[in-house]
Amino acid sequence: MKETLAIKILSSHCKKQVKAGELVVVPVDWAITQDGTGPLAVQQMEQLGLDGVFDQKRVILFIDHSAPSPRKELSDAHRILRSFAEKTGAMLSDIGEGVCHQRLVEDFVRPADVVIGADSHTCTSGALAAFSTGMGSTDVAVGMALGKTWMKVPETIRIELEGEFSPWTYAKDLMLFIIGKIRADGATYMALEFGGPAIDSMPMSDRITLTNMAVEAGAKTGLIASDPVCREYLKEHGRGDDYQEVFPDPGAEYSRAIEIDLADIGPTVACPHRVDNICSVEKIAGKKVDQVYIGTCTNGRIDDLRVAASILKGRRVARNTRLIVVPASKRTFMQAMDEGIIRDMVEAGAVILAPGCGPCVGIHEGILGEGEVCLSTQNRNFLGRMGNTKGYIYLASPATAAFSATRGAIADPREVLS
Amino acid sequence: MISGRVWRFGDDISTDLIAPGRLFHLRTNLPELAKHVLEDADPDFPKNVRPGDIIVAGRNFGLGSSREHAPLIIKMSGISAVLAKSFARIFYRNAINIGLPLLEVDTDHIQDGIVLDIDLNKGIVTDKEKTFTLSAIPIPHFMIRILEEGGLVPYIKKYGDFCLD
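If you're matching them up, the sequences are chains A and B in order.
Numbering follows our numbering, with no gaps: position 43 of the first sequence is 43.
Adding 1000 to a residue's 1-based position in the second sequence gives its number in our numbering.
The hints are simulated quantities; they were obtained by calculation from the structure and are not laboratory data.
Nothing here was measured: the structure is a model prediction, and the numbers come from that model.
Cross-link-like lysine-lysine pairs, in silico, DSSO-like; alpha carbons within 30 Å at most:
id: 1; chain 1: B; residue 1: Lys1047; chain 2: A; residue 2: Lys390
id: 2; chain 1: B; residue 1: Lys1158; chain 2: A; residue 2: Lys19
id: 3; chain 1: A; residue 1: Lys148; chain 2: A; residue 2: Lys87
A few chain B residues facing chain A, derived, Cβ under 7 Å:
id: 4; residue: Pro1020
id: 5; residue: Arg1022
id: 6; residue: Phe1024
id: 7; residue: Thr1028
id: 8; residue: Gly1064
We put the beta carbon where it would ideally sit given N, CA and C, even for glycine.
Go ahead and model the full structure; you've got the sequences and the hints to work with.
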């Protein structure tokens, strides 16, 4: 059988040939939760009467969504996770260490792994050719205890990418374009597999942005084959030995194939309150913004911060506009400090917050006021997402976000040099 | 057999609308969080929902975050079933895992406030006056068994493992 990436990884884990549509029980390599979903997972494990995890080195509790805690109820939720980690020996990634998905790609997940996480953006790790998918607290609680889960083997949509990005256009613009094309439920129950010559030359940070947003098209996971770029990334992170080549078979059966030439795409914006409500940046340019947020598991990596800083250096954040920057991980934060990026951003008027999810989830660190507009590099712009149903969220790339912050309005980053 | 009054919602009801991030701190206090269920989509819902009522929605119900608190507080509000044209996959799993029945069915012509009868096993939905009958996409047999046990926790407690056959 000619296998898609999803089928190849699941077949090797199930030790049998699986096919799309089949229900299977799969051993998992990683089971993870975060502070929004972890306390319920811990409670469900207690209900199960199971107090141990299947492998202490394979279960990670992340504290990233409300980190550090902005209120006492959340401080107590964090205590539940810390004490569970202490009791079971499971790993804990505490405040300041970064967003779970960024830490997973930097430090943990290996090509061909199966990952389940109680966070919808667990699909992010698919950029390392892992089958990585989001579930709820109960599914992950059972996974943490038994080291396995069940799933329906997904069909796959192949996204074939060729050509090169025009200047000031990035993977974020591409992914918003793709979601606009197939819609927010266009890949429900399916895997999105990205490939083609444009992927071969794409850096890991961009690949991670693509797989991160697979769930915004409803997908179970996003996947990219491992290759020399992936191998180099693992080596840079001290994990060269974790590399394994995993790729789909030529001639594998896809439910649909979509071909895109990167040169056809320009800077793209998703408008309130849907991720698939996209338009070109020119169409919305001039829209006043109160807040700009650069960060998250979608676009808080060093490459993202470099692009933003290159625009901010020597410019000023516009009067009456706030710029919030949150590095996705401690590693990213330190690298940005070493490169002088943080200094350039702060000089330009940015507020830098501790690595984590920042204001993306509407808990703290930048809740919108009534009628306020935020341009963010995050992955969701749902009504109420940033803590106020009377706020308006637009999504864009770090370049568009940084340039817009200096203008106080949504601005086309291609005008940076003019 | 389920019988209940319809609360009608549109397309793309996200988990942010069901259990908003601004109430993140209430996730460890579900009775309190349940007082706000779906209030950002319909402020009357949490005030007037009655045990046995049914949610009827359009496409992609439950999209977004994996927060299981969303189906949990819908269940706690007394809702007996959720019908939608389609569900986001994580929400679908979560609902079954916590024992909230749901059915994928063409909901276009179901109006707010009417009373529906639902046969979950057969996947048949009719209105009280029997003016229409709708066939739902069946829930996979394996998931029906989880639902019958009251959710994944009681299921695993009973069987000790996943039994796909």
